[in-house]
Amino acid sequence: MSAAQRGNSRQSILDRLLSKDITVPPLPQIDHDALVRFDDPLAKFGEMLALVGGDLHIVDSSVQVMSILGELAVFRDAARIASMVPEVVPGNFDAAAIDDPHDLAALDWTILRGEFAVAENGAIWVDGNSMPHRVLIFIAQYLAIVVSRNEILNNMHEAYARVGHPKPGFGIFVSGPSKTADIEQSLVLGAHGCRKLQVFVMA
Amino acid sequence: MSTPLPIIDHPIAAKNFVTNDQRSPWHDTALWFVRSKRDKQAASVPEWEYLRSLASQIKTHTIADLGRYLQEFERNATALGANVYYAADAAEHNQIVLEILRRHSTTRIIKSKSMLTEECGLNPFLEAAGIDVVDTDLGERIVQLRGESPSHIVLPAIHIKKEEVGETFHRHLGTQAGASDPAYLTEAARGHLRGKFLAGEVGITGVNFAIAETGGLVVCTNEGNADLGASLPRVHIACMGIEKLIPRFQDLAVFIRLLARSATGQPITSYTSHFHGPRDSASELHIVLVDNGRTRLRESPEFRAAMHCIRCGACMNTCPVFRRSGGHSYRATVPGPIGSILSPSQNPKGHKSLPYACSLCGSCTDVCPVRIPLHHQLLAMRGDLVSKGLLPLEKRLSMKAASFLFRHPTLFAIAGRIGRISLRVLPHWATHHRFNTWSIARELPQPPRQSFRQWYAINRSKMLPKASEKLS
Amino acid sequence: MNVGLFVPCYVDQFYPDVAIATLELLERLNVSVEYPDGQTCCGQPMANTGCNEDTAPVARRFVEIFADYDMIVCPSGSCTAMVKHHYAGYFADNDAKFAHVRDNTYELCEFLHDVLKIDSLDVRFPHRASIHQACHGLRELRLGASSESMQPREDKVRRILDLVRDLEIVPTTRIDECCGFGGTFAVNEPDVSAAMGRDRVADHLASSSEVIISADMSCLMHLQGLIRREKRPIEVMHVAQVLVGRKLK
Numbered sequence: 001m002s003a004a005q006r007g008n009s010r011q012s013i014l015d016r017l018l019s020k021d022i023t024v025p026p027l028p029q030i031d032h033d034a035l036v037r038f039d040d041p042l043a044k045f046g047e048m049l050a051l052v053g054g055d056l057h058i059v060d061s062s063v064q065v066m067s068i069l070g071e072l073a074v075f076r077d078a079a080r081i082a083s084m085v086p087e088v089v090p091g092n093f094d095a096a097a098i099d100d101p102h103d104l105a106a107l108d109w110t111i112l113r114g115e116f117a118v119a120e121n122g123a124i125w126v127d128g129n130s131m132p133h134r135v136l137i138f139i140a141q142y143l144a145i146v147v148s149r150n151e152i153l154n155n156m157h158e159a160y161a162r163v164g165h166p167k168p169g170f171g172i173f174v175s176g177p178s179k180t181a182d183i184e185q186s187l188v189l190g191a192h193g194c195r196k197l198q199v200f201v202m203a
Numbered sequence: 001m002s003t004p005l006p007i008i009d010h011p012i013a014a015k016n017f018v019t020n021d022q023r024s025p026w027h028d029t030a031l032w033f034v035r036s037k038r039d040k041q042a043a044s045v046p047e048w049e050y051l052r053s054l055a056s057q058i059k060t061h062t063i064a065d066l067g068r069y070l071q072e073f074e075r076n077a078t079a080l081g082a083n084v085y086y087a088a089d090a091a092e093h094n095q096i097v098l099e100i101l102r103r104h105s106t107t108r109i110i111k112s113k114s115m116l117t118e119e120c121g122l123n124p125f126l127e128a129a130g131i132d133v134v135d136t137d138l139g140e141r142i143v144q145l146r147g148e149s150p151s152h153i154v155l156p157a158i159h160i161k162k163e164e165v166g167e168t169f170h171r172h173l174g175t176q177a178g179a180s181d182p183a184y185l186t187e188a189a190r191g192h193l194r195g196k197f198l199a200g201e202v203g204i205t206g207v208n209f210a211i212a213e214t215g216g217l218v219v220c221t222n223e224g225n226a227d228l229g230a231s232l233p234r235v236h237i238a239c240m241g242i243e244k245l246i247p248r249f250q251d252l253a254v255f256i257r258l259l260a261r262s263a264t265g266q267p268i269t270s271y272t273s274h275f276h277g278p279r280d281s282a283s284e285l286h287i288v289l290v291d292n293g294r295t296r297l298r299e300s301p302e303f304r305a306a307m308h309c310i311r312c313g314a315c316m317n318t319c320p321v322f323r324r325s326g327g328h329s330y331r332a333t334v335p336g337p338i339g340s341i342l343s344p345s346q347n348p349k350g351h352k353s354l355p356y357a358c359s360l361c362g363s364c365t366d367v368c369p370v371r372i373p374l375h376h377q378l379l380a381m382r383g384d385l386v387s388k389g390l391l392p393l394e395k396r397l398s399m400k401a402a403s404f405l406f407r408h409p410t411l412f413a414i415a416g417r418i419g420r421i422s423l424r425v426l427p428h429w430a431t432h433h434r435f436n437t438w439s440i441a442r443e444l445p446q447p448p449r450q451s452f453r454q455w456y457a458i459n460r461s462k463m464l465p466k467a468s469e470k471l472s
Numbered sequence: 001m002n003v004g005l006f007v008p009c010y011v012d013q014f015y016p017d018v019a020i021a022t023l024e025l026l027e028r029l030n031v032s033v034e035y036p037d038g039q040t041c042c043g044q045p046m047a048n049t050g051c052n053e054d055t056a057p058v059a060r061r062f063v064e065i066f067a068d069y070d071m072i073v074c075p076s077g078s079c080t081a082m083v084k085h086h087y088a089g090y091f092a093d094n095d096a097k098f099a100h101v102r103d104n105t106y107e108l109c110e111f112l113h114d115v116l117k118i119d120s121l122d123v124r125f126p127h128r129a130s131i132h133q134a135c136h137g138l139r140e141l142r143l144g145a146s147s148e149s150m151q152p153r154e155d156k157v158r159r160i161l162d163l164v165r166d167l168e169i170v171p172t173t174r175i176d177e178c179c180g181f182g183g184t185f186a187v188n189e190p191d192v193s194a195a196m197g198r199d200r201v202a203d204h205l206a207s208s209s210e211v212i213i214s215a216d217m218s219c220l221m222h223l224q225g226l227i228r229r230e231k232r233p234i235e236v237m238h239v240a241q242v243l244v245g246r247k248l249k
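Chains as they are written, first to last, in the numbering used here: chain A, 1 to 203; chain B, 1 to 472; chain C, 1 to 249.
No lab work stands behind these hints: they were computed from the structure.
In this text the structure is predicted, and so the values were computed from the model without any measurement.
Take these hints with a grain of salt, some might be off.
Beta-carbon label-pair distances, calculated as ranges [claimed, not checked]:
1. B:Asn436 - C:Lys249: 20 to 30 Å
2. B:Ala401 - A:Asp33: 56 to 66 Å
3. A:Asp100 - B:Glu49: 43 to 53 Å
4. C:Asn94 - A:Asp39: 46 to 56 Å
5. C:Asp114 - A:Asp33: 47 to 57 Å
6. C:Asp93 - A:Ala50: 47 to 57 Å
7. B:Ala401 - C:Ala202: 28 to 38 Å
8. B:Asp21 - A:Asp100: 52 to 62 Å
One-sided excerpt, in silico: chain C residues whose CB lies under 7 Å from chain B [said to hold, decoys possible]:
9. Asn2
10. Met46
11. Arg139
12. Ala194
13. Met221
Where is the CB? At the ideal position from N, CA and C, for every residue including glycine.
The following block holds chain A by itself, in its conformation from the complex:
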């Protein structure tokens, strides 16, 4: 099939859509008073994060973060840690020095900054521009995300309003570790992405 024919498909699809006039009802405006809010968004976030298989730690300092991570054998034994928040967790692997994301295959941990968290579903928004390779989120065996305690939103409507108009690039809601239930509906954590997710909510 030639490119010219293909141009025809574009035209014929659009022509057909634009020529068959269908009454267009207005887009609804969302009534924000009708949306769920929580008395204690952080508590709800913790409840939902637990449901989706993540571990919540409410902390005051990076010292505390390091001590919690230090209790995890998989962190103590980790050879390669890439940190996007070195002021909280110092990494030992400079992902920015890597050109080809495939070279991150042996990464043990990625420490990410979360822009904000969502109470209703335990999700955390991570901006792809905060890291040199977006695959860092998925390729590491273990993931930790640090998010500010002042940034716990109620619901997804607040979340998308907070993102505003997305910048070019990549953004993601991460909710718990990678998981699957494709074998007889048995939930298994650690499908292709991280095996566990640690979330640090910092004062």
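Starting from the known structure of chain A, fit chains B and C onto it as the hints suggest.
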């Protein structure tokens, strides 16, 4: 390579599965468990029904104005550096993908779940062209290794037992013989697919939502396979039906809140990825917009709302027929209630039995997160098939006879009387046999001596003038 | 108020006592009720097969027969839903007779609950029973809240049954799953239909119920067919029979 199962009528295609008294109840229980999780999540959102209404309104608006939104999307996606293609049908979609792959001299593809590529038969097409396609979703990988097709749009391997997965993995991945522990098998698949991810040269993904206002794409997964597939290779091809469009970035809130809760009873998928343009200047993002019958479906006032579908699979999980007969019994890419509308609207003759594989219980309509009136559409589709002359002759005639009888009350009363007397006097074997489908598994009702109308004539003197006489 | 009794065709022929019980109940409640002669069927079997041309004359005939009544009452949610929700295509938009019939046709429990608003019944049924929520009553007429929907609704069948003395209602696990009757579905898909029905019977049996009560006799005809074939220790009764104090067999 999977070979599509031949299209045969649903009751015949379902027979083996539904009469298997181990597998059918097991399958039913597994999906009911998912439906129950969905109920819990839906109940946890006080404004659930409001969200469903919002989603329905947004979709109704978007599909009505789809031409304009597609142009807006194309403009914005192109401005972000993506390449946008339009495919009129499955063949053109496959050709577009193949040309991109050829341009990159690629033979190793890592693919994440996309019902659109299933609909287009992309895998067999590419494999025939000598390209190695690896499905990376665990369920899809299982069915791919077994040479099957997915039986459910969200849970592709829901029909397969863990022991069978164990056998498949033993053969293909070298896991221990007899092993069936899901955690062990998942770990084996993780290792196996890690290798495939690292070797893959192009990532193909589906699309859950495309945003006209921003030119962005959203892909939702739990495993992180789409994300790895779109973040390791330099080339990302995203394939989508044109109905995936939504107008505004903010509208995502409504749909993301509904999607995973409806699909699997999770509050949200593990990963909800938003792609706006290619990864960097050295990477490529190709977006293939596919029609394949959608513009035609849009023109049908009766069935247009089927385009609102966000492919959550909730109608399958709740459907009492699907749960007992299994997804393969539908012989369609999208099975279950929504598939029983989409498939016959594409190929009425081939899929004519599907709208009848439904007791019209209406559970799908109430579970649907975008309020598609599924059971009303299934009923309407039956009318559509009859008007196309696709109802078998014996059924057409029996309905004509019934209609005649119901218009002639005296005849109806006589026929009823004869029927009841025969049922009373004939021996059981003469009324209960394999040619009387009702009686294969069930007893016929025990016929009373008197019908209600006979009783009424005797016991209530105050009879009206005969309406039947007035009418004749 | 003059009420026309709408008796489904299969009830007329196979379950006359359901219609008699409905009539007796309405008479006891001082409703002026008649059974208009000449009625046969609402046309649902043809409509559900998609044979709209064959349905149309049956539907028009139905409206002619019932148009002169103030209200129409039917001991079946499914047949009521046919008239109220699926007749429109057979009539002109401005057909006043049809509009009157559509707006004034009630399923029995709905009539008792919404129109008569009864709050007591002098009747006793000393048994443990379970309710089969028939789909069309539930999801078309909205006689109660379906388990899928998060919109709260009053369960009208249950409210009415709660007026019966000594009746203990036990819950099933799947509170409103389809029994698999589905009209012509029962013969088009005999295997799936029977599997669905068996599962419902098993669920009711597991609840230790003695009798399955439903507002739709068609579902019960199907379940009874399976119960009798497989000799299961449970009975079926239409809600009208319970409400007039019929004895459990």
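Right, here's what the structure says about each hint:
1. At about 25 Å, the CB distance of B:Asn436 to C:Lys249 agrees with the hint of 20 to 30 Å.
2. The supplied range of 56 to 66 Å is met by B:Ala401 and A:Asp33, whose beta-carbon atoms lie about 58 Å from each other.
3. Distance hint for A:Asp100 and B:Glu49: a CB-CB separation of about 49 Å, consistent with the stated range 43 to 53 Å.
4. For C:Asn94 paired with A:Asp39, a C-beta distance near 54 Å keeps the hint of 46 to 56 Å intact.
5. The hinted window of 47 to 57 Å between C:Asp114 and A:Asp33 is violated, with their beta carbons roughly 32 Å apart.
6. The supplied range of 47 to 57 Å is met by C:Asp93 and A:Ala50, whose beta-carbon atoms lie about 55 Å from each other.
7. One distance hint, 28 to 38 Å for the beta-carbon pair B:Ala401 and C:Ala202, holds here, with the actual separation near 36 Å.
8. Between B:Asp21 and A:Asp100, the C-beta spacing of about 54 Å keeps the proposed range 52 to 62 Å intact.
9. The beta carbon of C:Asn2 comes no nearer than 11 Å to any beta carbon in chain B, farther than 7 Å, and the hint placing it at the interface is violated.
10. Interface restraint check for C:Met46: the shortest CB-CB distance to chain B comes to about 5 Å, inside 7 Å, so the restraint holds.
11. Annotation: C:Arg139 was flagged as interfacial toward chain B, and the flag holds, the nearest CB pair being 3 Å apart, inside 7 Å.
12. Contact between C:Ala194 and chain B, as hinted, is supported at the beta carbon level, the nearest pair being about 4 Å apart and thus within 7 Å.
13. Interface hint status for C:Met221: upheld, as the beta-carbon distance to the closest one in chain B is roughly 6 Å, under 7 Å.
In this structure, the earlier hints numbered 5, 9 are contradicted, and the remaining ones agree with it.
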